[in-house]
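> For the protein sequence lines, the chains are A and B, in the order given.
Each residue of the first sequence is one higher than the one before, counting from -3 in our numbering.
Each residue of the second sequence is one higher than the one before, counting from 567 in our numbering.
Because the hints were derived from the structure by calculation, they are not lab data.
Some hints could be false.
[To be verified] To give an idea of the interface, some chain B residues facing chain A are shown, with a C-beta separation under 10 Å as derived from the structure:
1) GLU578
2) CYS581
3) ASN584
4) SER586
5) ASP601
[Stated by the list, open to error] So these bits of chain A aren't anywhere near chain B, every CB distance computed over 10 Å:
6) THR19
7) MET20
8) PRO31
9) LYS66
10) TRP71
11) THR72
12) LYS86
13) SER159
14) ASN196
15) ARG208
16) MET291
17) LEU421
[Stated by the list, open to error] Residues from chain A that face chain B, not an exhaustive set, calculated with beta carbons under 8 Å:
18) LYS18
19) GLU295
20) GLU389
We put the CB at the ideal spot given by N, CA and C, even for glycine.
Spelled out from the first residue to the last, the chains are:
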Amino acid sequence: MAQIIQIDRPVETSKSKNVIRKTMSICPECMKILPADVFERDGKVFMSKVCPTHGEVEELYFGSYEMYTKFSTYWTDGKGALSPNVPIDKCACPTNCGLCSNHLSHTGLGNMIITNRCDLTCWYCFFYVKKGLEGAYVYEPTMEQMTAMIRTLRAQRPVPGNSMQITGGEPTLREDLVDIVKMIKREGINHVQLNTNGINIALNTDLALKLREAGVSNLYLSFDGVTPKTNPKNHWEAPYTIENCRKAHLGVVLVPTVIKSINDHELGDILRFAQTNIDTVRAISYQPVSLTGRMSKKEREKYRITIPDCIERIEEQTNGEVTKDDWFPVPTCSPVTHFIEAFTKKPQYELSIHFACGAGTYVFEDADTKKLVPITKFVDIRGLLEFLEEKTEELESGANRYVIAARFLSKINGFVNKEKQPKGLSLAKLLTSALLKHDYSSVGQFHLNSMFLGMMHFQDKYNQDEERLQRCDIHYVTPDMRIIPFCSFNVIPEWYRDRIQQKYGMPIEEWEKKTGEKLEQRLYRGTLRRNIAKHEMNQMACATQAAHIEPITGT
Amino acid sequence: MKYVYEPVKGLERTCIRNISISSSSDTVRLDEPVDFTVKLSVAGGIRDAFTSDLWEKAWDAWDKTFRMTYNIGIKKVVAGPITKDVIKSQKFVRRATFYWSRSPELNPDYSKKIWVMVVLEGREPVHPKSVDEAKTTLFDVKKTFRVMGSDLGKGKHALKAFGKASWGRHIFGEKGNSQSVSKEITITCK
């Protein structure tokens, strides 16, 4: 059904604000496209917008102005998609996503929903089909549809999509999951990540190995806290999931959805838990909550947390082992990419998202003290990036690449403090291999000895910023051969997600009739928790592990 | 994407203009500091061309960053135009990043509008509100150097400021540089 997209002219708001920049956003009530101010107040950054019908909405945008300022210096636009599926002239985000010709980042990570069924019913999750909702559809694309979706992603130029996340719902509910993974690999995708709550992998000891052998690179495991209260989803199951992945040599990324007043006091403990499993847990991806549905300002203030807030809590909760100065925004990678592009004269995979969307750092465990050592403690990151920018400019100005390579080799050691560098790691050697020889096997070794800490703050209707959306590089592939940015797909589900699932899915009743299954049949009833003895539960529980920092010994 | 190298006319006429040096005092004791303020402006070619048209042209060709590298300092004058002994100098980079702005003020008709952010030395970001402000932020430099009288030595000294600005090759022009020195000033150290 056609819908009128309303766009409004700027409305004067309070002039006392320290406006940093102006952008466009949407009204959370009617989706009218509105001018918005991003401004500083009391050391924090807010967004405000005025809808002529629904009034002013003010929302916390970034919890620290100081960090916002630091991060903004890494702002750089990406290459975009040169083969857009939606060619349009004037930009009218968030309408017409697909990718359109005005999108500024190629796909960094493609998401493919293979089912919207889930074996859990988490209160804050917006992404599973449940009975009792009008217009609820079971969405499970066929193998042919999925193959076409992957081919669409691979057709992207100048950089074909190369990294894929299989997501749901709960993807392990699909019986043909292993075949799907094999198909994705066959189509040329290099990195395959499985987004899961891990319960089926905990219950089925062979599944992790089957998935790794099929081509899964790592699990993207929901993990919201180290206590049953903060993580009712998989508190008892996650250690078994990790243990099965350990046996299968399958890496795990822990993914906590961070909600203020719910689990923001456990961010440090989550890190400790990951540290106890550093041989298997490759990364933590903290995700400050995206507030879906209609919420009052009071409710939003109760739950809203942003990237700087999480970073500050991690500093507090690790007693300063990982400080706020250790974090960099995602586009910090751009000077590295640009150097490789100038060196090879070929477009490279680039993480060109908006600086306010994500942040990250690397930490290493000191073998003696068991303390975490962030990369910034032994690498002059800023100095290295500025050096790379300078060398990129020289290459683009016609300098001989072998001369530049020689200069690179002579200088690279100067950015690494070898005395503070963790034992067994030679970062200079690794960077030389990756940047000059394009040998990324050493990067794999780097990951094995370290843990990546990431933040990714997906938007919602209250803080939606079109400058961020236009640069989004986490995309969904859909059966109508579109590639839709995450923050359109999920922020305005009525235009994207729900509409697609309705079009390509089937009503629950029809699905039940077709499969002979009941939707609730596959709901997880806590089997694992109920079947294991209490003492064993204590041994396996996440909080126990985090407190003692001992690796779990298996079931 | 295909793009054509189209050099901006007159880029080679870029020069450093209005370079000057001033001191906080004409006389200084050996144990006292004195502040020298050096000012310069990059003028002509690249400054004149640095407009939103150029930003868009560069951005369209994936040429999204423009770096100006400055080397500025103070030298002693030995005899006539001959200078030696760099007393103090600083090399730094100012980086302009071209980006697609969604500001309703810049593009009220929702068309593409490429704007600029300048990152100063010390990684301080500036969001210019006008093209002139962008030019001033990127091309006008003012630096203060603090020098101890003992670093100059007893006697009367003639000093000059020097400045060099350089940039790399871009879609709109070749790499280049420009340098200049100021008129001399004298300072007495007791």
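> Over 10 Å to the closest beta carbon of chain B is the bar; see if TRP71/A clears it.
violated (6 Å)
> Taking the minimum C-beta separation from SER159/A to chain B, is that value above 10 Å?
holds (22 Å)
> So, as I understand it, the hint says CYS581/B touches chain A; can you test that by seeing if any CB pair is closer than 10 Å?
violated (20 Å)
> With a cut-off of 10 Å on the beta carbons, see whether GLU578/B makes it to chain A.
Hint violated; GLU578/B Cβ to chain A Cβ min 15 Å, cut 10 Å.
> Classify the hint on ASP601/B as holds or violated, based on whether any CB of chain A lies nearer than 10 Å to its CB.
violated (27 Å)
> Once the closest CB in chain B is found, is it more than 10 Å from THR72/A?
violated (6 Å)
> Is ASN196/A truly not at the interface, in the sense that its beta carbon sits beyond 10 Å from all beta carbons of chain B?
holds (43 Å)
> Does the interface hint hold: is LYS18/A within less than 8 Å of chain B, judged Cβ to Cβ?
holds (4 Å)
> Checking the smallest CB distance to chain B, is LYS66/A really beyond 10 Å?
violated (7 Å)
> Was ARG208/A rightly flagged as not at the interface, with every chain B Cβ beyond 10 Å?
holds (38 Å)
> Can ASN584/B be said to touch chain A, with a Cβ gap under 10 Å?
violated (26 Å)
> Is the claim that PRO31/A lies outside the interface with chain B correct, judged by CB distances over 10 Å?
violated (4 Å)
Comparing the model with each numbered hint stated earlier shows that hints 1, 2, 3, 4, 5, 6, 7, 8, 9, 10, 11, 12 and 19 do not hold.
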